[in-house]
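Read off the chains here:
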Amino acid sequence: MGFFMTNILTIVCFFPLLGVLIILLWPKGKEHETEVKWIANIVAFLGFVVSIPLITHFNRPEYIDSSGMRYVFKAPWIESLGVQYYFGIDGISLLLILLTTLLGSISILSSWNAITTRVREYYCYFLILQTGMLGVFMALDFFLFYVFWEVMLVPMYFIIGIWGGPRKLYAAIKFFLYTLLGSVLLLLGILALYFHQYAVKGVWSFDVLAFQELGIPPDLQYWIFLAMFVGFAIKVPLFPFHTWLPDAHVEAPTAGSVILAGVLLKMGTYGFVRFSLPILPDATMEFLPWMMAISVIGIIYGALVAMMQKDIKKLVAYSSVSHLGFCMLGVFIVTPVALEGGILQMINHGISTGALFLIVGIIYERRHTRMISDYSGLSHVMPVYAVVFLIMTLSSIGMPTLNGFIGEFMVLQGVFADPDYKLWAVFGAAGIVLGAAYMLWLYQRVMFGTIKQEENRKLPDLTPRELATFVPLIILAFWIGLYPSPFLSYLHEPVNQIVEKVRPGEFQPRSMQAQIGDR
Amino acid sequence: MLNYIWLIPLCPLAGFLINGLWGLWCVRRTGRRPRKSFVAVVACGAVLLAFLISLGSFAGLLELEPENRIHEVNLFNWIPGLMVRTVSGELAQFQINWGFQLDPLSAVMILVVTGIGFLIHLYSIGYMSEEEGFYRFFAYMNLFMFMMLTLVLANNFLLMFVGWEGVGLCSYLLIGYYMEKRSAGDAAKKAFVVNRIGDYGFILGMLLLFAYFGSLDFTDLFSRIATLVPEPETAWGPLSWAALLLFIGATGKSAQIPLYTWLPDAMEGPTPVSALIHAATMVTAGVYMVARSAAIYSRAPEVMLLVAVVGIVTAVLAACIALFQRDIKRVLAYSTVSQLGYMVTALGVGAVTAGIFHLMTHAFFKALLFLGSGSVILGMHHEQDMMKMGGLRKYMPTTWWTMGVGTLAIAGTPLLSGFFSKDEILWRAYSLPGGSPVIWGVGVLVAGMTAFYMFRMMFLTFHGKERYDRHSGHAPHESPRIMTVPLMVLAAGSVVAGYVGLPPWLGPNVFEHFLEPVLATAWQPEAGAHHSHLEEILLAAVSVAVAGCGVFLAYHFFLARPEKAGQLRERFHGLYRVVYNKFYVDEAYDALFVNRCKGLGTWLSTFDLKVVDGLVNGSAAATRISAWISGQADIHIVDRLVNLTAEIVEFFSSVFRRLQTGLVQRYIAFFVLGLVLIIGCYLYLGA
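One line per chain: the protein sequences are W and B, in this order. Note that our numbering gives residue 561 to position 486 of the first sequence, counting from 1, and the numbers run on in steps of one. Note that our numbering gives residue 796 to position 581 of the second sequence, counting from 1, and the numbers run on in steps of one.
If you're looking for bench data, these hints aren't it; they were derived computationally from the structure. Don't be surprised by glycine CBs; every beta carbon is placed ideally from N, CA and C. Treat the hints with caution; some may be incorrect.
[As the list claims (entries may be wrong)] Computed footprint of chain W on chain B, listed as stretches where at least three residues anywhere in the stretch have a Cβ under 8 Å from a Cβ of chain W:
1. 398–406
2. 454–463
3. 749–757
4. 814–824
All chains should be built: construct the whole structure from the sequences, respecting the hints.
This is the structure in structure tokens:
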């Protein structure tokens with residue numbers, strides 16, 4: 076157990092590669108494809124199982140670093156540049172890692188029948204993707220982070236480009252180039268931090284926690300913030316950097332869309348929370364009004380555009396833009412309640428939008444069309460599907476007792492309580508009304524009414540395998556909606572730390588603030 | 216019993232889970248639906264159990280001293296959030312409990328909800344017996360009961376909002392119950408979205424309350440507010456804003472201007488749904504919420520005035536529309552809107568207990584009327600147009616007399632429940648400092664209109680000529696016992712429910728006394744001029760007389776001289792059309808908001824595709840063009856230069872190549888010539 080626990084992050088991160096190795100060594104040929112599917116599924120599921128001890132041991136003192144990070148593992152990697160192999164997580168990364176391992180195994184399970192060509196490559200890419208994403212959430216060395224950040228682009232590019240829809244090449248190249256553009260600017264930002272640290276301290280290092288202690292002059296912070304902003308904003312995606320998203324979502328295979336929406340987008344928001352906010356607090360406060368503005372524009376703009384889409388996947392894709400606007404609204408106001416709500420909303424979005432893409436995938440697999448007008452009255456033939464779809468629709472529009480509500484309300488409460496930004500909460504809340512309008516309209520058109528298309532009359536309901544992909548998501552949706560405190564309890568500590576960095580003393584009792592003033 | 220109030224909402228939840236999951240399981244495994252008797256027993260049993268526990272808790276509450284009649288049960292810490300700095304600069308923890316509270320107000324509500332809910336559940340067994348989706352219907356009904364009970368039992372605003380949205384969801388599901396009907400789907404969506412607009416106000420109201428007072432817990436929040444004095448009418452403070460925003464929520468749920476348009480459309484749902492959700496319980500949630508927040512409202516006089524005006528205008532507008540509707544359920548729907556307007560008026564003038572009193576009596580007689588109309592609709596084989604009915608009295612006597620009692624009650628016949636509650640509202644509107652004789656006058660007018668359209672409905676349905684083709688279909692028939700028994704119980708309730716709240720000239724007002732402790736945190740204005748009992752009796756007599764005129768007019772036009780109604784309609788054709796078409800409010804909303812919003816959405820998607828994505832694709836295209844240009848430049852300039860050097864060399868070489876002829880004689884000749892030249896130069900320069 077000792078070895079396992081001290082190296083747990085490395086094990087969790089690289090576990091999927093084990094599957095890649097086995098699949099590569101497995102005999103080739105059509106007749107072995109089912110075995111490959113089994114291997115991939117088992118490895119992905121075990122990947123989730125392996126990540127569970129992260130929760131159970133999270134608060135054991137022997138795994139807590141002095142900085143508050145857990146399961147820290149540090150080893151020199153490229154010594155001449157000061158690059159380290161440096162892993163460590165806090166509550167924010169913990170939740171995202173579990174989301175990743177869970178959604179990863181769910182989406183691999185959902186691909187069973189959907190992928191018929193080049194099966195081996197598909198599962199290999201998917202497992203590599205998994206490792207890339209996990210690494211992003213674990214790395215505490217900025218260089219290492221950047222490596223994972225880029226690594227994960229490649230398998231996604233192939234997943235969209237090979238197994239995607241009719242315009243897959245356009246979508247794949249757009250996705251790759253657009254995010255790469257952001258990455259380059261991000262790299263510039265990282266290098267600026269790197270050289271600045273050398274200039275101040277004379278140390279070559281990419282240590283993220285050390286960057287937080289630098290006290291960078293505001294002028295420099297602004298530039299670094301802007302460079303990193305482009306990188307992260309494209310990934311989120313924030314308006315107006317979002318147009319790669321509908322194309323990538325629509326063309327990607329179902330599992331690709333699930334991971335794209337569920338995890339990949341979170342890397343952008345995670346980047347803001349982990350790097351921009353604590354390393355560049357002055358710049359964060361300086362750009363706060365602008366960030367609020369584009370988040371709110373994203374909320375309303377995404378919702379309005381989603382309303383008029385004819386393609387279900389595109390509709391869900393634009394709803395992501397709207398929901399991510401909520402996340403960013405919460406993140407950038409940097410008040411404890413809103414930031415916590417924003418982070419919770421990242422998880423919520425992964426659950427509900429991930430499930431919605433699975434839902435679209437189910438009927439796409441049966442009918443090979445995603446047009447809303449090709450469906451009607453499905454609830455007559457697919458009653459269980461209708462229930463699942465309804466629950467996830469409600470989760471997405473923030474129905475109380477489901478997950479979305481908690482996050483949205485916390486974000487709005489946190490924003491509203493800041494007297495300067497009250498109005499942004501008022502505008503943001505309008506997204507809730509619009510969300511109900513477009514999602515329920517979609518549900519009505521697809522599920523209600525009579526069956527008009529003959530092909531739809533014989534559609535089979537969910538198979539047990541398909542149902543299995545939804546069950547964990549439904550449980551989580553209700554769990555977070557009814558009893559979110561286990562989830563929130565992991566977020567309290569890191570959220571307070573980040574807020575304390577950006578708005579020092581503002582959320583401490585007055586007496587303590589007075590002491591700070593005296594000093 | 217008091218510690219088990221959390222079981223009250225839990226019973227129907229269990230019923231929902233059992234019926235819903237078992238039903239899905241059956242449909243999936245066997246393709247058949249679950250046994251109806253099983254479903255019915257589970258669903259009705261769950262509600263009956265909730266009703267019994269409610270009765271027990273009510274008894275437990277009565278045992279307490281009046282001023283201690285509040286019992287809270289916090290089940291668990293629902294949202295344990297971090298710190299918020301409130302506007303006043305204090306730190307408050309954003310912490311919300313999943314907690315219930317029983318006090319006189321919620322006690323009244325749970326009794327109404329579970330009691331009438333149980334009767335409607337019983338009735339539904341008969342009404343829905345032919346339906347395919349029997350289990351689905353009862354599952355939704357139970358879910359509704361759970362949400363409604365959560366709403367009224369919640370001890371904080373956020374949990375109340377859970378029930379608030381939850382009942383909206385059930386309303387959505389039940390309005391859209393006949394999902395193959397397009398109009399049902401549209402009505403369901405409309406109901407939800409319009410309610411969401413109201414909820415937007417509710418959410419903002421909660422945000423504001425927490426941002427200013429650092430709590431959403433009723434007891435805590437109201438005790439903080441109780442230290443404040445009313446806000447001056449000139450300056451709008453947080454209390455006024457909170458009151459206004461919460462009221463927007465109430466206008467959505469309780470179908471008041473401007474958000475009432477969803478309720479008439481909601482009649483697309485099965486009739487028991489209209490009775491339970493859209494008459495007796497859910498639509499009163501807005502009234503309940505405003506009553507619950509009396510501490511806030513009583514300190515926001517401007518908003519109180521607005522509430523009263525919205526209420527009375529809604530009452531009169533809806534009553535006007537109800538005058539000419541042909542669909543029996545639509546008459547009742549507009550009547551509901553109108554009666555809700557009364558309740559809201561009562562809240563607005565500061566007569567909270569009168570509003571809740573009317574809420575209770577209205578729940579009895581309106582549920583009765585809706586269920587009766589359902590019985591008529593079933594007896595007429597799903598005919599809802601009153602112009603195609605008539606003379607049904609002899610076929611369905613029980614339905615006739617029970618509905619007759621309901622009609623008398625709602626019309627304000629003395630000594631029936633509606634009389635007591637309506638006249639209390641009218642009297643308070645007249646006598647309280649927050650009211651005015653104008654509101655009273657309009658209220659009396661509405662009472663007359665109510666009597667008119669209700670009796671018109673009775674006459675058109677049960678009396679006069681039979682206006683349907685008896686030979687084409689089956690004859691109308693009375694409904695089975697399981698449906699008529701709830702009607703009789705409700706009829707009895709419609710008679711006696713008023714006696715708990717007698718006017719002062721007749722006896723003690725037990726109801727008001729019972730509710731008083733709830734209003735302890737509300738601001739009590741100085742009593743106005745003293746009014747005598749005689750004045751009150753006189754005003755009541757006036758309203759009864761006006762109602763009598765309404766009844767007479769209905770009799771005159773629809774029973775005695777039916778042809779006259781047609782003539783009158785011809786004469787005022789334009790006016791009739793406008794009113795019959797509900798003043799074209801729906802059309803106006805569609806044109807002003809719905810289509811604008813869709814238009815904006817379409818415009819923005821084009822914008823997204825052409826401009827935002829256009830920029831991305833444009834920059835890609837620009838990159839390609841610049842790549843092409845550099846490619847061309849590479850070929851035509853850079854490479855050209857390289858080739859040019861070669862060509863220059865070649866040119867010169869082609870010139871000098873001519874010298875290389877290979878002829879020895881010519882080389883010797885050049886050689887000699889060169890020698891001569893050199894010697895010549897040398898000699899010349901040397902000299």
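Comparing the hints with the structure gives:
1. 398–406: holds (count 5)
2. 454–463: With 0 residues closer than 8 Å to chain W, the segment 454–463 of chain B misses the three-residue bar; violated.
3. 749–757: With 0 residues in contact (Cβ-Cβ under 8 Å with chain W), the coverage given for the segment 749–757 of chain B is violated.
4. 814–824: With 6 residues in contact (Cβ-Cβ under 8 Å with chain W), the coverage given for the segment 814–824 of chain B holds.
Of the numbered hints stated above, those contradicted by the structure are hints 2, 3, listed in ascending order.
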